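These protein sequences, in sequence, are chains X and V.
The numbering used here puts the first residue of the first sequence at 1, with every later residue one more than the last.
The numbering used here puts the first residue of the second sequence at 1, with every later residue one more than the last.
Treat the hints with care, as some may be off.
A pair holds if it fits inside one copy or across any two, identical chains being indistinguishable in the list.
Calculated cross-link-like contacts (lysine to any residue; reagent style SDA-like; alpha-carbon spacing at most 20 angstroms) [unchecked claim]:
id	residue 1	residue 2
1	522	755
2	190	836
3	682	520
4	844	785
5	518	679
6	518	678
7	687	660
8	557	754
9	348	393
10	326	627
11	768	731
12	682	818
13	749	642
14	682	505
15	827	262
16	687	811
17	118	151
Just so you know, the hints here were simulated from the structure itself, not pulled from any lab data.
Keep in mind that this is a model prediction, so the values were computed, not measured.
Spelled out from the first residue to the last, the chains are:
There are 2 protein chains.
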Amino acid sequence: MVLSDSRSTQSQKRTLPPTKTKPATRYNADQNDEEKKQWVYLFSAGQADGDGSMKSLLGGKGAGLSEMSLLSLPVPPGLTIPTTVCQYFNENAQQYPSTLKSQVKSGLRKVEALTSCKFGDVEKPLLFSVRSGASVSMPGMMDTVLNLGLNDETVKGLEKQTNNKYFALDSYRRFIQMFGNVVMNIDMHKFDQIFSKYDNTTKQQENLNKIIQEYKLLFKNETGIDFVQDVYKQLWYTINAVFKSWNNSRAITYRKLNNISSLLGTAVTVQSMVFGNMGESSATGVVFTRNPSTGENIFYGEYLKNAQGEDVVAGIRTPNDINKMKQDMPKMYDELLRIRNILETHFKEVQDIEFTIQQSTLYILQTRNAKRSSRASVKIAVDMVNQGIISKKEAILRIDPLSIKNLLHPTIDPNQGYHLYTKGLPASPGAAFGKICLSANKVKELHESGEKDLILCTEETSPDDIEGMHLSKGMLTKRGGMTSHAAVVARGMGTPAVTGAGDIQININEKKVIIGNKYELKEGDIITIDGSTGEVMKGQLKTIDVTFSSEFDTLMKWIDEYKRLTILTNAETPDDVLRARNFGAKGVGLCRTEHMFFHPQRLPIMRQMILANNKEIRNQALDKLLPFQIKDFEKIFEIMNGHPVTIRFLDPPLHEFLPESDEDINQVIEMSNISKDEMMIKLKNMKEVNPMLGLRGCRVSILYPEIYMMQTKAAIQAAIQCNLKLKKPVEINLMVPFISSEEEIEIIKTQITKCIENLLPDDNHQIKYQIGTMIELPRAALKANDIALHAEFFSFGTNDLTQTCFGLSRDDSSSFINHYERNGIVKQDPFVALDVDGVGELIKIAIQRGLSTRSDLKLCLCGEQGGHPDSVKFCHNVGLHAVSCSPFLVPVARIAAAQAAIMQGKS
Amino acid sequence: MVLSDSRSTQSQKRTLPPTKTKPATRYNADQNDEEKKQWVYLFSAGQADGDGSMKSLLGGKGAGLSEMSLLSLPVPPGLTIPTTVCQYFNENAQQYPSTLKSQVKSGLRKVEALTSCKFGDVEKPLLFSVRSGASVSMPGMMDTVLNLGLNDETVKGLEKQTNNKYFALDSYRRFIQMFGNVVMNIDMHKFDQIFSKYDNTTKQQENLNKIIQEYKLLFKNETGIDFVQDVYKQLWYTINAVFKSWNNSRAITYRKLNNISSLLGTAVTVQSMVFGNMGESSATGVVFTRNPSTGENIFYGEYLKNAQGEDVVAGIRTPNDINKMKQDMPKMYDELLRIRNILETHFKEVQDIEFTIQQSTLYILQTRNAKRSSRASVKIAVDMVNQGIISKKEAILRIDPLSIKNLLHPTIDPNQGYHLYTKGLPASPGAAFGKICLSANKVKELHESGEKDLILCTEETSPDDIEGMHLSKGMLTKRGGMTSHAAVVARGMGTPAVTGAGDIQININEKKVIIGNKYELKEGDIITIDGSTGEVMKGQLKTIDVTFSSEFDTLMKWIDEYKRLTILTNAETPDDVLRARNFGAKGVGLCRTEHMFFHPQRLPIMRQMILANNKEIRNQALDKLLPFQIKDFEKIFEIMNGHPVTIRFLDPPLHEFLPESDEDINQVIEMSNISKDEMMIKLKNMKEVNPMLGLRGCRVSILYPEIYMMQTKAAIQAAIQCNLKLKKPVEINLMVPFISSEEEIEIIKTQITKCIENLLPDDNHQIKYQIGTMIELPRAALKANDIALHAEFFSFGTNDLTQTCFGLSRDDSSSFINHYERNGIVKQDPFVALDVDGVGELIKIAIQRGLSTRSDLKLCLCGEQGGHPDSVKFCHNVGLHAVSCSPFLVPVARIAAAQAAIMQGKS
């Protein structure tokens, strides 16, 4: 057999034009080029026009079949019409290249020769499956038509060949139904109505004939034409339908949602049919080369004898474990095992294989890299290194860093049905169930009465809710994005959270939650939330707890061999710092001191401080806060045991701390010795229209230097204490937030230095410390050369930098950022993954300018995005020294950092 | 006479070291250098060591006296100790250069020779005045000591010389008092107490002797030493005191407040005394070469016979008009007139001259450029061009652009006393008086009852107050900066406003305003505000109305010969557009369409639109708004008559329009046909934490494209109408606000283009239009190359760009930006004058990147800063094509643009 083109020219074909050029023009410009072009790619065991690398041209399915053919595996012969035809079709008013039909016809001739059957033949009819397939799998497009080539005549040939009238008629019935529904858009329901009129269990041939007649009538009524008898028309109608489906709205939406913009179109694969339902020597099944759930290196899968693929999926009959085949069909099993080994060795990856045995002949219909659980992916990667199949670097590159989060949090057991109420943002990973509590106080109340499984469900959370947040198992908010108060606090605590679930309405008076105008829940009803997916579900679902495998430990060790970036953590509570340390954090990159003051014991003092009428009262309050702060720092220093700790001075708008309830206000009035009137005026004056852009960060310190001085004192005194106890000396980075000018950092640095000099009068207590700034405002990035004169390190605060670069409030963006993502206006929520084009540009400018005046400037990124793999990669590539992220993202960042280093080495 | 150094070496001396180096080191390093250095500069009629250009070395006074000496004017001889000595003194522990004392002594010898008197001589004592003087005048420093050189002996010599015992004793008394107070810091009050014990009118020599005795006793009690009899000690005590006063807190504060950081120190001028009080042939006075109030070219000033300078200032005797001298002392008058002409011709500027006539000899004590009113400065500049004294370019450069604002608004008549309550920000220029109204409704109520002079006084204003704001004569707010709602609206309306007057407390319940805890005012009390200075004053002050002089018109014509920038206006009401046109605006650079919807007739419809539950209701509301919008645009197009009009689509956070009162909410509910519950939820959902960074600008259009389409339709239909009426075709720029990405502008531009194509089906209605964007977010500036692919023009929105670049909310910054300015952390409020370093850098980046993809990109700036001269200069220098500012700032911007062009040509 001679295939239509030689393999040697394939490398040329693989260099496709970039997607944004308009090939339509090109085609019109040179008609000859179009005629000469190869529009059809054949494959059969031992030979193929394409290969596995040509996914963008042949789609995943076509490329896989070609590759298997080249491996001489038993693939039923067929042909693939490449994605370039789809592109041509959609750009030329649904016309085909002029030579396509003749190329298809000649391809079919070759398949006929290989199968000794003939398309449309009454004696030995050749039947085809027709499948779509782009280079990535894509729901929404037209999928599959089986048994194509059957008509009133060829059905008889099928009967003769198989000596099975029932089988032949049932195949024809199925084909009419599939073709009618998939190609001609007849409602499937209407076919089902006809079918269900007849007894379901004892279908006789008689009935099948009647069903076929009724199906054809339905077809005529719905489409206006008789059921298509011409097999070539059947084929082209189907190919047309596939290409048209590329641009149906579901497919377009899917591509937008998944940021798929670089594809030319879908390919169509026309493959000769084989049947697993030709008696007891026939079978069909799906196998995995290893267990995709646990990663164990054992043959895994199921099969059904005398059945078609659909039957395995439909679940009407229970399939057998693949290992039963060893006894049942020993020769077939051995053959399958042989192919399993060939495929895994060839692809160096766990394979998910579809096969059919037709009368004791094994056919492989599809192979692809197997989807697997996070746990399995780690075990498989490590095992494969140990088996010498792949290198350590390859193993590391195979891990999806984000999926690692699943290993660190409880997950929902996938082996159960569930009822989805709504979906919000996956704000803090992990699954949790519990009783709905509509206020932090309700959480406290139920917790005191002994209830533990509680989900706090509010419009949004505020610092006042901290205690209730601590006591809840999970959080669900209506408003706020991935970096809202609820999200940030929840991630810090490691508590699962779903935020920005705009669909829910909370009626606090009637103690009700209404979801999407459909479900009405009461306070106390049980829900389950999945903070990894954003899902909110009915009732209590089973969850799976966290355990670490030895393979995970091995992998994480390898990772440290390759990564260059230091991974730090954003944490301030001892629990979080310890967790991050255990996850491999090499220091604290962001200790948000303000979080330390929300504790009920401290908040009133904090309020007294903020609302002080004069320096004296402010200093009184600060004196009371000092011992707390010293203890906080001591604990962190002890846990970090010599690793650097970056302490960020008080940052948020002061009004976040202000009292709101009468009780709280009266408490502060008593403490502060000022009149109620004065206090109310003061509170009113402190209200800000845009608090994110108000009196916060270093601006507070410019007005009231004594606050940062208290914090400096606390850090230094804690370090002196710890240095007496610890072996390794404490290393402190003092970080000034919200700097926008050289003047600010110059003034504050001078104050800090003087304060420390006063605390360290002699040489006995030398403390290792540096003073640096957050770079979180565009102006700071632009003036980095001046700022670096006074800052020993920069830490990029990408939350604020994103807010100001985009003019986008993290608290308010949920109302439209979803729409933006869905419509491809932003690739990803910039609060989740760093906006490399805009915010990243500012970071690059700041790095370049900062280094221009201080060549040993330390560079870190400590925004929420620090744990996102894409952002970590960016950080590596632009030459940062460290990234800092929330404790649970530390392993993710470590993997991403190693991957970035490996990828950089490659290019 | 040989002066201490020849003039020929002066140019070398003028190249002083830059101020930031530490000369202390230099001096110590080379003792010889110090010894050789010239520390004393002599002057006398006809000769001088220095000249008028050496202000930084000799101070303004010293340089002026030197220059006059070189012009051979009758200057009493003396010497100046330069600012370098002050610098040395302050950097070397209050020590003097080693050769200073000998240089001073030898200088004094020369003055003695010139005056034929001797310092400390009993027969013919030489007396001195000792004055401080930096290169700019600076309150706070020690000022003047007169009659230095008198003691118990020399006073007798003075008596002999003048034959006037009373004069001699009184001079001695005055000296003890001045020296005691100014040099030794004895409370002036204590001298006054002694003096007032004796009869004030008939002071006898007897009494004077007693007073002198008591003064000396006081001196001893206060200082512990006897009154200083050694005249050299008198001199050095005084010089010490001057140099020390350079670093007193008042002087430091003044320098900080006025951004004076480049000075070395103050100089000290020691000049021989002349006396205007030696009988009827003596006199003293102050003259201006032209009228500093009107600018008229007439000799202007006052004199007093037999008097000292103090007497003229003290106002005890009423001085005579200088023109009376013509009859009174004709020779002296002619001599003065001759000197007036020499000085004005020499300095090419109006001079403010101090003179003394001592026994028929005229002496000139000081000359300096005269302070003058805005009106005078224009007239004088134009007159001087017409007289051929200066060029047009020089005339233009002499005008302070900001002072021109005073010509366009009523000002407070300076000829009246007033009582200042407090000072806020000068938010909208002009003066106004009226009854305090604590709410917009109160303004309406009183206005209806016929009261017209009303000042709206509130915490801050909101869009709901618009009607009341329109009806008030002036506005005063407690909160908000120069670009707060009140400020922007007031400037737009041309209504005077003072904002951010933090000192006032409004008690709405008791209808009271408390100012600085000192003054309690009731609603209805009358105040006067000056929006040009920020002052709030008691009662009704007299104001001066606006009139334009022909010189102003001439100047503005000259300006257009030089400026390259096109000056446009930010305006949307017909009144404002017309005003701007009359002030010379060549188009509308920013028509803020949202301002058009606050009208009571439109606001409910606007609310219906915003709160619409679906597209249908939204479109219903938009259909109702369309005819209003068409009429708005028609009026603007007519006034601009062919000049381009830039229409900015709806920009602010939608919630600015939301109803707050029950009445307003119910109105929208009725119109929108939705339930109260639904409405309340909707209102709650639309609340934003940081509205400036929320759902606004083009984001609204991405969610609801129909809003911008209505506005596009209105603009095009209005243009079609106007093109039928007007001779010059309408030119429209459609401007999309708050763009942060290429995708946004691409989508919206496509929608607009399609909309316009549908409106212009045939070739009969060709409308000239362009589509462009605001660049008001850092990300837009950084991605300008991509954005310019879809934008035909950029307009820099420097309010928002400043907010996001600095992370600074214009509404909230007043709480700390004053502190920042006072302490030199920012040079100027960046909402008033563009922050060239940071925001300016973003603008430069955007220009460079924008032009890289679209070389004919039009570039404009339309933020509030567009009317500030420094910002206009920046715009010129970076190559913008236009700036747009509020109507009253159009003339300011025109002048600044011409100055920038002239300055650029010079360098």
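Hints versus structure:
no. : hint        : verdict
1   : 522 <-> 755 : neither (55 angstroms within a copy, 48 angstroms between copies)
2   : 190 <-> 836 : neither (51 angstroms within a copy, 71 angstroms between copies)
3   : 682 <-> 520 : between (42 angstroms within a copy, 19 angstroms between copies)
4   : 844 <-> 785 : both (12 angstroms within a copy, 17 angstroms between copies)
5   : 518 <-> 679 : between (45 angstroms within a copy, 19 angstroms between copies)
6   : 518 <-> 678 : between (48 angstroms within a copy, 15 angstroms between copies)
7   : 687 <-> 660 : both (12 angstroms within a copy, 18 angstroms between copies)
8   : 557 <-> 754 : neither (43 angstroms within a copy, 58 angstroms between copies)
9   : 348 <-> 393 : within (14 angstroms within a copy, 80 angstroms between copies)
10  : 326 <-> 627 : neither (72 angstroms within a copy, 82 angstroms between copies)
11  : 768 <-> 731 : within (5 angstroms within a copy, 66 angstroms between copies)
12  : 682 <-> 818 : between (38 angstroms within a copy, 18 angstroms between copies)
13  : 749 <-> 642 : neither (24 angstroms within a copy, 57 angstroms between copies)
14  : 682 <-> 505 : between (34 angstroms within a copy, 11 angstroms between copies)
15  : 827 <-> 262 : within (13 angstroms within a copy, 50 angstroms between copies)
16  : 687 <-> 811 : both (17 angstroms within a copy, 11 angstroms between copies)
17  : 118 <-> 151 : within (14 angstroms within a copy, 136 angstroms between copies)
This entry does not satisfy hints 1, 2, 8, 10 and 13, going by the numbered hints stated previously.
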